[in-house]
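S.K.: Each chain is listed here by its residues.
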Amino acid sequence: MLDEVLAPAPQENLQERAPSIQAAATRSTCPYCGVGCGVLASANGADVIGDPTHPANFGRLCSKGSALGETLGLEGRLLYPMRRQSDGAFARASWDTALDQAADGFRRIVDQHGPDAVAVYLSGQLLTEDYYVANKLMKGFIGSANVDTNSRLCMASTVAGHKRAFGADAVPGCYEDLDEADLIVLVGSNAAWCHPILFQRIMRNKEERGAKLVVIDTRRTPTAESADLFLQIRPGADQALFCGLLVYLAKLGAFDTDYIGRHTAGLERSLKAARSLAPSIEATAASTGLREVDIASFFGWFAQTPRTVTAFSQGVNQSAQGTDKVNAIINCHLATGRVGKSGASPFSLTGQPNAMGGREVGGLANSLAAHMGFEPAYIDRVRRFWNAPRMATREGLKAVQMFDAIARGDIKALWVVGTNPAASLPNANAARAALSKLELFIVSDNVTSNDTINSGAHLLLPAQAWGEKSGAVTNSERRISRQRAFMPAPGETRADWAIFADVARRMGFAGFDYRSSADVFREHAALSAFENDGARAFDIGGLARLSDAEYDALEPTQWPIRDGDGKGRARLFADGAFFSQGGRATFIAPATPTLATTLTKDFPLRLNTGRIRDQWHTMTRTGASPRLARHLPEPFVEINPSDAERCAVEDGGFARIATPYGSCVLRAVATDRQPAGHVFAPIHWTDETAEDARIGALVAPFVDPFSGQPESKATPAIVTPLRFARQGFLLSRGSITLPDGVWWARVAVGNGYGYRVAGDLSDDGWTDVIRAAATSEDVIQLIDETKSLLSGAAFVGERAALIWALAPVSPSWDLALELFARDRLDQSARLSLLSGRSGRQLTDDGPLVCSCFSVGQKKIEAAIQQGCRSALDVGKATRAGTNCGSCRPEIQRLIKVSLAAESAMDSAREDQTSMKEGASDETVGF
Amino acid sequence: MTGLQDCRSREKLVVVGAGMAATRFVEELTNRALGRYDILVIGDEPRLAYNRVLLSSVLAGELSVDDIELKPRQWWRAAGVEVLSGCKVIKINAASRRLLLDNGESVDYSKVALATGSRAARLPIEGADLPGVHVFRDVRDVEALSRLGKEMRALVIGGGLLGLEAAYGLARRGVDVTLAHVMDRLMERQLDAAGADILRLLVEEKGVRVLLNANATRISGSGRVENVEFADGQTIPADAVIFAVGIQPNAELARQAGLDVGRGVKVDDGLKTSEPGVFAIGECAEHRGVCYGLVEPAYEQGRVLAMRLAGQDASYGGSVVSTNLKVSGVRVFSAGDYLGEGDARRIVCKDPRMGLYRKLVERDDRLVGAILVGDTNGAANVLDLIRSGADISSMRDELMFGAPMQEAA
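One line per chain: the protein sequences are A and B, in this order. Here our numbering is used: position 49 in the first sequence is 49, and no number is missing along the way. Every position in the second sequence, counted from 1, becomes a number in our numbering once 1000 is added.
Bound-form chain A, shown alone (with noise of 0.2 Å):
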C-alpha cells in the first residue's frame, strides 16, 4: 500500500461541480479539521463542493470534506431521547422525562455534594453557541468550572503557550502567510493528511513562489516527502532544536533588537536557559538527533529569511512538555520579529472545526470565559453581565484530571457532549472504568452507540448533526464561519445549545431563554465586549447587534471586530500591543527537553498515535463513506524494518502492541518512514470499528503541567508478532457480529459493510460465520486446499449479498467491493469474484462448443464465415468435433443459423439492387 499511503490528499476541484449546485445550495463550513474550508451543499446534501468564495479554500476540499456528502444518512443515528432500564438495554423516552432526568439529578448531586460533583466534557466540534451555553450553566449557575472539552487533547498546550508569550490565545497569523512566507517550517505536522488544504497552499507557494518548505518530524510523513529539508528528529527535543536556533540567531546577530526592546520581555532569562540546553549546532544535534549539517542549513535558512512561517500541530501539542515546545517556538519568531506581518508568524494550526470557537467561548476547565480567567475582577465581571448566581471561583478539571476525579468517585454526574472519551483519553480503559462508576452519567451524541455510550452511560440526548444545526465556528486563522442546516434535523434531535438551555430553565436558572442560536451568539459576542476597552485580544463586539437575518448572512470574518470596526483583522501583534501586562510579549525559558516516560526492557519502543488521511477522530462520519475507506481500512502500525525483524514481525502481518495501560492488535506495516526505536499507530479505531484496536487504551496519561494536555506520542511499548491461520474480508449487506478470538475491522463500502478479518477458525467454523451472515441459498464458493483459500459469494436476486474471501495472506478486496456495489451480476461477474479478475468471460471466444479441443463457438462462427459448410470442414479449420464428436450437432446448428443468417442478407441485397434497378429515379436511403 505503500504508494497509495503516500499519496497527498487529492483534492476535489470545484469547477467542475460548483455551477450545477451554486445557485440553490446552502453556504456552510466543513465539519472536520481546523481549516475551516467552506463548502456549498445542496438541499439534501448529496451534493457538497468546496465554496469558491470562502477565503480558508477557494473551492478546494481534500478528500473527507468531498466524501461528506456520503456520510449524512441515518444509519445508527441517535433519533430520540433514550433512557437505559434496569436491564442494560436503552428504552425511548419523551424529551420532558430526559430533561427533567437531566435536570434533576445535576441539581440532586450538587445540593448533596456540591457544584464540583458534577462536570461536562465538550467536543472541538460543537458550534460557538453550544459552548458557551454549557459554559454559562456550569459556571455562572451551578458553580464549577468542571467544563473540559476534547480540545484538552489537541490544542491545550497551545492555548496555554499563547497565553505565556502573548498574553492571550490569539493566533498572530493568517493563511495568506503561508501563500506569502518564503520559508515554512512544519513542526510536528503532517499537514499534507491532516491539513490538506493548508498543505496545497503551502505547495503552490513553493511551486509559484519557490518557498522553502522544512519539515520536522520524528516520522517520515507525506509531508515530509515534499519537503527541501527533513528534519527527522528525536522524539521530544523539539525545544532543543528551537533554543539552538534561538542561541545561532543571538550569535549571528539576526535579532530583530528594535521588536525586542519595544514589545518584548525576558530574552535574557530565555536565552540563556537556550544556551545551557544548546550552545552550539553540535549540541543542538547531539540533543536532537539531527544531522549537523542538517541543523545548519534549516538555522541558516531561518536566519536569512524574514518571511518565515513556523507552523506546528499535534506533535508539538501533544507532549508532556508541549507548552514549552511551542514557546521554544514563539521564542524564535519574537527574536526576529515575525510575528503577525506578512509571511511571517507562528502559526498553530488547530485540529478540530472549532477548537478555537471553545477558547474563544472560555469552554475550558482553566478558562472562565470570553478569554478571561478565575481573577476576581473577571469573576465579578461576568457574574455581573450573567447575572449570575454562583460562578465557578476557581479553575477546574482539565480532561485527564477530570475522568481520574470520576474514578476516584469525587466527580458523581457528567455530561459529555459529542465526543468519545471512552476511547480518545489517554489510559482510555481506565476512563471507560471510571464512567461505569457515575451516578449521573449523560451523553449528548448523532449515534446510538459508541465506546462512551457503552461505558454504562444512563441518559442519551440525541443532538442535530452537521447540516441540520446551525450556528457558528472559528478556525485556524481567527476567521469565524457560519455553519449552516440544509437539511431538516431528523426525528427529534435539537441542538445542543437548546438542550443545554432547557436543562438550566428546569433547574430554576433564568437567563437562559434564547429562542436561536443567533440569541446566545449575539450574546457572547457581548460578554466578549463588555467592559473590554481592548484588553483582552477576544473582542467580537461588533457583531453583538446583528440582527437574525445578519447573523445568517454572516460572511467569514476574522476576530477581534470590535463594536464600531467594520471587518476584522488578518494579522496581530506586528505592532506589539500584546495583551500581557505591559504590551510585552514574553519570553519564555523552556525545561530541558525530557519524555515523561522512560524505555524498559519490557517496554523499549515508543508509541506514536496519530491520524490518517482519509479518516477522523472516531470515524463516526468520515466511516460511513466506502470511498475514504479505500484509503487504508484498516488499524495497522508502522514499525521500522529493523524493529519488525527483532520483534519478529512481518511486513503485512499483525503484531500485538502493549504499553503499562493497555493493548490492541494491528496490521503490521514495516517502513522506513518510521525512525528506528518507535511505531506508530492511528487514533482513529474502536470498538464501534474495530476488534482489540483502541490505540487510545495504550496512550500514558501523563500531562503537561501548564496545559494539562496528555504526551500522547511517546508512550514505552512492545510488540510482538500475532498470527492467524487465515485472515481476509467479509463484504456484507448488514452489520455481522463475529465470534470471539476472530479480529476485525469494519468499514463502509458501497451498500453495506466491510469486514477486514483475521482468525484461527477452523473451516468449519468460518462455514458457521458465512452460513449465519449468508441470507440466501444461492451460494458460490471456491475452496483451494493448495492455498487453504475460502471464498465466496452468497447472492440476493442479482446483487451479492455477502461476499467472503479468506486466506493465509490477505486477499485482495478491490474486485469484491466493486463487485458488490454493482446491483445485477452476470455469470461472468460472479465468477470473477471467486477468480478474482475483473471481465472474465466464461471463455474467450464465446461459449465453449467442442470440449475436446476447448473450441468456442466464435471460432466456430468465424470458421463458418470463412467458407466451411459442414462439420466435417468446421472440424479441419477447428479441430472442433473431430474427437468425441458429441458436438457436431452443435456444429451443424451453427453452419444453419449462420447460412440461414447470410442467405437472408443475400436476399436482402438483391431485393435492394431491385429496388434500386426499379426506381432509379427515386432517392433510395441506405
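Please note that a few of the clues may not be correct.
Derived SDA-like pairs (lysine to any residue); straight-line CA-CA distance at most 20 Å [what the hints assert, rightly or not]:
(1) A:LYS896 <-> B:VAL1065
(2) A:LYS787 <-> B:ASP1343
(3) A:LYS787 <-> B:LYS1071
(4) B:LYS1071 <-> A:ASP873
(5) A:LYS787 <-> B:ARG1363
(6) A:LYS787 <-> B:GLN1074
(7) A:LYS876 <-> B:ASP1391
(8) A:LYS876 <-> B:GLN1074
(9) B:LYS1071 <-> A:GLU890
(10) A:LYS787 <-> B:ILE1392
(11) B:LYS1071 <-> A:ARG869
(12) B:LYS1071 <-> A:THR882
Computed, partial: chain A to chain B, Cβ under 10 Å [said to hold, decoys possible]:
(13) TYR378
(14) VAL779
(15) GLU785
(16) LEU834
(17) ARG837
(18) GLY856
(19) GLN866
(20) GLY867
(21) ARG888
Bear in mind the hints are in silico, worked out from the structure with no lab data behind them. Glycine included, C-beta positions come from ideal geometry on N, C-alpha and C.
Place chain B on chain A using the hints.
M.R.: Showing chain B alone in chain A's frame:
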C-alpha cells in the same frame, strides 16, 4: 469375395466388429500403411459404423441415424476396405487362422483384430425380461425407445452416463421420465457428491425426475411392464423400463476360441491376445485388468495397434480414464483421481445456480484428477497435465478460471 482375389499378395487383416474402435483403428492404419493390408471389417449391425456417443441425440430427435454415420461408404471404398454388415463371426479357429461366419461362410486371416465391443447389462431381478423393458445400446434400442409416446411414463434404471443420456433423450421427446439410481449420487464413478449434486439440479431442470438411493427389486405387470418396485417399499408406475446399469464385454467368441479371457479379452501393451495373430481393442478388451467403457481408450488402443501393424513402435500403457461429454445436455468432464481423498489437495469452485462446478485434485503440485461440470473449458489441457504429471503450481488459477484476459496496463 472377388475383390479379395486381386490382392492375394497382401496380408489379410480381419476386423471383427464395426463400431467406433474398429473404425478409428482402420482409419489410423490406412493413414499409415495404405495398401499394406487387405482389410475386411465384419459387423453384426446391418449398417455402417456410427457414433454411438450420439445415440442420445438421435433419441432426442436432434439428429437422424444417418447423421451419426462415422464414415460414408465411399470412404471405406477409397480406403480399400471391404465391409460386411449384418454378419456375425461365430467362431475363431485359431489353429487354421480361419473365422466362421453366421451365414455359413468362412474367412481366412493372417491377423485378426477383435473389436466386438460390449452389450448392455440387465439387472437380475424379477420381471427384467417383461415386454417394455429396454436397454440403451444401439440403433435398434433407440428405434424401440423412439416409439414411446409422449403420454408414456418411462423409468430409467441407472444414473451413470448411459442412463442420463437415455433419460435426457426421452425427456426431449416429451416422455415423462424418472431416473432411478441405486447410489447416493449420479455418475459416482466420475463425480464427487458436490459435482453430482449440481448435475442432478441441471438434469432435473431438463425435466427428468431423479430418485437416488433407489434400489429396484422387481418389475411387475400383466403381460408387460406396469410397475417397478424398490427396496424401500415404493412403487413407481411405468410404461417402459430402460436398464442402463453397465456394460458387459462381448468376449464369448474369444473364450470359445480358447483365448485368455477375464471380464474381457486379455491383451498386453501391444494389444496382443494370448493367441498369436489375434488382437483386441475397445470395450471387449481387458488391458492390465481394466475393461474400459469409454471411447477415448478405445481410440488410443486403435491408434497403438494401427501403428504396430504399420510397423511402427508403439505401446499402450493404459488410459487415464476421463469423461468429457455432454451428459443430458450438460457438459461433464471427469478424469483421474476425481475424488482426491487422503493426502490430495483439492481446489473446488462451484456455482450451483449457474450449474457450474470445477474441481482440481493435486498431489505434490501435480494434477492427478479433475471434475468439470457445466463449464468444461480447458478440459483438454487438464487431461494433458494429468497425463504428463507436469508441475502445475504456477498455473492453478489458469486451470481453474482459464487464461486471464488482457488486463489494462
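S.K.: Hints first: check each against the structure and report whether it holds.
M.R.: Hints, one by one, checked against the model:
1. A:LYS896 <-> B:VAL1065: Status holds; Cα separation ~19 Å.
2. A:LYS787 <-> B:ASP1343: 15 Å, holds
3. A:LYS787 <-> B:LYS1071: 49 Å, violated
4. B:LYS1071 <-> A:ASP873: Satisfied, since the Cα-Cα distance of roughly 14 Å is no more than 20 Å.
5. A:LYS787 <-> B:ARG1363: Given pair LYS787 (chain A), ARG1363 (chain B) holds - Cα atoms ~13 Å apart, limit 20 Å.
6. A:LYS787 <-> B:GLN1074: 56 Å, violated
7. A:LYS876 <-> B:ASP1391: Answer violated: LYS876 (chain A) to ASP1391 (chain B) is near 32 Å, above 20 Å.
8. A:LYS876 <-> B:GLN1074: 19 Å, holds
9. B:LYS1071 <-> A:GLU890: Measuring from Cα to Cα gives roughly 19 Å; hence the hint holds.
10. A:LYS787 <-> B:ILE1392: Holds, at about 13 Å.
11. B:LYS1071 <-> A:ARG869: Holds, because 17 Å separates the two Cα atoms, which is no more than 20 Å.
12. B:LYS1071 <-> A:THR882: 12 Å, holds
13. TYR378: Since chain B brings no Cβ nearer than about 67 Å to TYR378 (chain A), farther than 10 Å, the hint is violated.
14. VAL779: 7 Å, holds
15. GLU785: For GLU785 (chain A), the interface hint holds, since the closest Cβ of chain B sits about 4 Å away, which is under 10 Å.
16. LEU834: Holds. Min distance 6 Å.
17. ARG837: Holds, about 5 Å.
18. GLY856: 8 Å, holds
19. GLN866: At 23 Å from the nearest chain B Cβ, GLN866 (chain A) fails the 10 Å test, so the hint is violated.
20. GLY867: 21 Å, violated
21. ARG888: This hint holds: ARG888 (chain A) lies near chain B, its Cβ roughly 7 Å from the closest one there, short of 10 Å.
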